[in-house]
Amino acid sequence: MAVAKSKDYERTLKRITRRHILKIERITKAIELFEENPSNPLLQFKKIQCKQDKNRHSIRIPNTQYRILLSIENDFSVLQCICDHDEYNMRNKRC
Amino acid sequence: MSAIIHHSYLDFFSIAVEAYESKHIDIYNKLMMTLISNYKRLIDDIELSSASFDKENSLSFSQIELEAFYEEMYDAVDVIKLYKVKFKSLDSKEVFSKELYTILDKLHLVIIENIDRVSVLEVKEIQKIQRREV
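Sequence order for the protein chains is Y and X.
Going left to right, the first sequence walks through residues -9 to 85 as my numbering numbers them.
Going left to right, the second sequence walks through residues 21 to 154 as my numbering numbers them.
Note that these hints are calculated values from the structure, not bench results.
Cβ coordinates follow ideal geometry from the N, Cα and C atoms, glycine included.
Just to be clear, a hint being listed does not mean it is correct.
Unchecked claim - So the derived label-pair ranges between C-beta atoms look like this:
| no. | chain 1 | residue 1 | chain 2 | residue 2 | range |
| --- | --- | --- | --- | --- | --- |
| 1 | X | Ser80 | Y | Ile11 | 16 to 22 Å |
| 2 | Y | Asp65 | X | Asn49 | 56 to 62 Å |
| 3 | X | Lys126 | Y | Ala(-6) | 47 to 53 Å |
| 4 | X | Ile47 | Y | Lys37 | 51 to 57 Å |
| 5 | X | Asp125 | Y | Asn30 | 21 to 27 Å |
To be verified - Quick list of in silico lysine-lysine cross-link-like pairs, BS3-like style, CA-CA up to 30 Å:
| no. | chain 1 | residue 1 | chain 2 | residue 2 |
| --- | --- | --- | --- | --- |
| 6 | X | Lys126 | X | Lys106 |
| 7 | Y | Lys(-3) | Y | Lys36 |
| 8 | Y | Lys41 | X | Lys106 |
| 9 | X | Lys50 | Y | Lys(-3) |
| 10 | X | Lys144 | Y | Lys83 |
| 11 | X | Lys148 | X | Lys104 |
| 12 | Y | Lys36 | X | Lys148 |
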């Protein structure tokens, strides 16, 4: 599956790695696992009900409380952002 | 969009906390009322902005504006988190402290929603370009 990154994703990546909350290798590994097989149980891949984006999905960065939101259309994924549990709920609450 | 939450507001809050600790309750009350009313107005403005993004199908930001938008909004989220740390010195049952905390929670939510609206439009733009290329 082809993957593109949004500016929001890049900004949240910078926010998390600069503060040493997560190492970039861990995030990159999660994306590689997703590209190989989105259904890998480590990723807890799921579809999210969202009126704004009907293609919204999420994957977990394994063994962390962080998730990556992504939009999937015709085998093409756009990584939207990396967020912790609270911001994940906020983003999806009234989406 | 202009700077969402000025760091100077956080300084006002620090002064309010000092006033509370030194029993200058009048100063504390005035500063807290000012912060509460400013943030209520800000919440309304951000919700209006999100509602306008809801109606749009494409993003009108340049790449530079988009980067500046995310920078400003995530900075605002960081300021809210700093606020929450400073709250530890206040009595959580005190009426203004309780109200400001609730308002900051709401502000955090509306800022994240506003970021998400723009982010969804950004994602749609990327998908549009991809569809054209295929």
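Q. Holds or violated: Lys36/Y with Lys148/X, Cα cutoff 30 Å?
A. holds, 23 Å
Q | Satisfaction of hint between Lys83/Y and Lys144/X, Cα-Cα up to 30 Å | A | holds, 20 Å
Q) Within 30 Å, alpha carbon to alpha carbon, are Lys50/X and Lys(-3)/Y? A) violated, 40 Å
**Q.** 30 Å limit on alpha-carbon distance, applied to hinted pair Lys126/X and Lys106/X
**A.** holds, 17 Å
Q) Are the Cα positions of Lys41/Y and Lys106/X separated by 30 Å at most? A) Distance of about 37 Å is beyond 30 Å: violated.
(Q) Checking one constraint from the list: CA of Lys148/X to CA of Lys104/X, max 30 Å. Satisfied? (A) violated, 40 Å
**Q.** Range hint compliance [Cβ, Asp65/Y to Asn49/X, 56 to 62 Å]
**A.** Hint holds: Cβ distance 59 Å, inside 56 to 62 Å.
Q.
Does the beta carbon distance between Asp125/X and Asn30/Y stay inside 21 to 27 Å, or does it fall outside?
A. violated, 35 Å
Q: Could you check the hint for me, namely that Lys126/X and Ala(-6)/Y are 47 to 53 Å apart, CB to CB?
A: Roughly 33 Å apart at Cβ, these two residues miss the hinted range, so it is violated.
Q) For the pair Ser80/X and Ile11/Y, does the Cβ-Cβ distance stay inside 16 to 22 Å? A) Given range 16 to 22 Å: violated, Cβ gap about 32 Å.
Q. Taken at face value, is the distance from the CA of Lys36/Y to the CA of Lys(-3)/Y at most 30 Å?
A. Roughly 22 Å between the alpha carbons, so the hint for Lys(-3)/Y and Lys36/Y holds.
Q: With respect to the beta-carbon atoms only, verify the hint that Ile47/X and Lys37/Y lie 51 to 57 Å apart.
A: holds, 52 Å
Hints 1, 3, 5, 8, 9 and 11, counting from the list given before, are not met by this structure.
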